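K.L.:
Here is how the chains run, residue by residue.
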Amino acid sequence: MNTEALITMITTQGIVIGFTGYFFYRVLTTKPKPEPDSYTENDDVVERQPEN
Amino acid sequence: MAASSQAWGSRVGLILAMAGNAVGLGNFLRFPVQAVQNGGGAFIIPYLICFLLMGIPLLYIEWSSGRFGGKFGNHSTPYILDSMVKGRILKYIGVFGIFTNVAVAAYYCYIESWTMSYVYHSLRGTFNGMSQHGVADFFNNYVDISKSSTGIPYEAVVFYILCLLLNTFILSKGLKGIEKVAKIGMPLLILFGAILAIRGLTLGTSGASELFPNANAWDGLNFLWTPQYDSILDLKVWMAAAGQIFFTLSVGMGTIHCYAAYMNSKDDIALNAVSAGFMNEFVEVVLGSLIVIPIAAGYLGLDWVLENAGFGMAFQTMPYLFQQWGPMLAAIAGLLWFGLLFFAGITSSLAMGTPWIGFMRDEFNWGQNKGAWSFGLLILIMGLPTVIFFQEGVFDEYDYWAGTVSLVVFAMLETILFSWIFGMKKGWAEITSGADIQVPLIYKFIIKFVTPVMLIIIFLGSLFKPLNNDWSGNVSSLLSGNGWSLDNGSIIKTITHAGIKEKIMAATDPAIIGQLESQILYLNFARILLLGLFVFISALVYVAFLKRRREGRATL
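Chains C and S, in that order, give the protein sequences. If you count the first sequence from 1, position 31 lands on 31 in our numbering, and the numbers rise without skipping. If you count the second sequence from 1, position 423 lands on 475 in our numbering, and the numbers rise without skipping.
Calculated directly from the structure, the hints in this document are not laboratory data. Accuracy of the hints is not assured; some may be wrong.
[What the hints assert, rightly or not] Cut-off 25 Å, straight-line C-alpha distance, at most; resulting in silico cross-link-like pairs (BS3-like, lysine-lysine):
| hint | chain 1 | residue 1 | chain 2 | residue 2 |
| --- | --- | --- | --- | --- |
| 1 | S | 288 | C | 31 |
| 2 | S | 228 | C | 33 |
| 3 | S | 553 | C | 31 |
| 4 | C | 33 | S | 599 |
| 5 | S | 288 | S | 123 |
| 6 | S | 318 | C | 31 |
Bear in mind the structure is a predicted one, so any value in this text is a computation, not a measurement.
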């Protein structure tokens, strides 16, 4: 590959991979909101139950 | 606990389902071809700008509209829009959000069935020893339903119905079924894509042959990524970039609204929307650019790619290229390639079923099973003509009106409704409510002014597409008082079959004239079906309105 194409490809793909990775990381590490929420799989997690 | 009986299992599941909805065959086939035809590496600049100015805003608009409508128990666009903007007529704009899905699913399931069939044929070794011409002919015979490659009569129809049954069965399992498919399909798609992309990156000159001695995969990558900066000033490139962003994100369909309608109003949409959007970009820009073009250039040379780049390469060329790796690796590569296309297809077609099912449940209390099987039946009725009359152009006619024009019209109208009638004050509050990231304030301005203008330009650009797609030349011609020449691909000329009529005028052979005249009949038949579908869904929305009024639930 020529240098110009290589730089364009690596820069563009790097930007896209970087943002995709960053946003997905944020999704995985952001603390979920207390129940009731949109998702059923976490319904039984004790510490996420609403306070009475 | 989750807000309604139909609910997403997990946040990751929702994002994968949304990304799966967006990732389709176009990520692997349309994007690299568009890039090759529009300035190579320079195409990426307008492409990314359009993603920021039109793609992300449309994602925000559709996610927030859906979640807003869901608060009122609405899970399809007619009544999602009705809950946002009061008016007896405006809900009929939402008909596009069901119509497009049914019409697109009708022919999209046919492409999906090709991928199923090609996985089978790759594993069976059907393509072993076939010449490039033989592989291309195999496809042409396959879509001619009177011929069969397996001995099964009407093979293409059988695979189509199998594919439809699979979609319908998964849809009958509700959101949980869709989420499960996305959780399995998306990681596999990325894995399969990554393996083929590594092959594309490392192929180099090893695929050169006596017939194509100059074949070099890096030539393909060079052409794809070397920026041709002068093309940035060409309006055609900007139109192509905007169009690609539009179609790749599956916006303007009504599926995003439907998926988001099952969310709780306090949950995040800002981070979810960009996560799903960027996952689609990853598949398109990173994986999509490293498979078809470099592998084809690696075996057939760049000149061949430039002359033949198009959608047909997936089925008419790739199986031949895989044969160069030996029978065992060819079978594996065929499984990976058509498998990834299958997963890209099914995660999108499943999304297309949800607006209809949601609408029938909300308005007529239909259960999930009844909704799913009625969708399957509707697709069968609408889709069989695209299978049987594929070579007569019915398939392409559906793709043009439902898969292209309808999307642009709906996206343009919903953006104007969101920004100007629902209002940016309420709209911005909806987008930022429960947000896990800070949405840059500039997007308030972009959504209100820039995105609607861009969509209006795209719509007008399709309506008045200039001759030979020469935007710069036609703008100069118009400014100098020499008028604007329409291309036969513009909406205006397409309506009147101008291109076919020109061919009839130029033809002298009565057989060809007769063939072209019957083509017009088939295309008109396709249009009547599509129009009939639109009227049918509009009538259902009206009946639902009468029912709501009787029950005291109508907004106006």
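K.L.:
Each hint needs a verdict: does it hold in this structure or not?
P.N.:
Status of each hint after checking the structure:
1. Distance check on the hinted pair: residue 288/S and residue 31/C sit about 45 Å apart at the alpha-carbon level, beyond 25 Å; violated.
2. With a CA separation close to 21 Å, the supplied pair residue 228/S and residue 33/C stays within the 25 Å bound.
3. This hinted pair does not check out: residue 553/S and residue 31/C have alpha carbons roughly 62 Å apart, beyond 25 Å.
4. For the proposed pair residue 33/C and residue 599/S, the alpha carbon gap of about 37 Å is over 25 Å, so the pair is violated.
5. A threshold of 25 Å between alpha carbons decides the hint, and for residue 288/S with residue 123/S the separation of about 42 Å lies outside it, so the pair is violated.
6. Under the criterion of a C-alpha separation no larger than 25 Å, the hint pairing residue 318/S with residue 31/C is consistent with the structure, at around 14 Å.
In the structure shown, a violation is registered for the earlier hints numbered 1, 3, 4 and 5, in ascending order.
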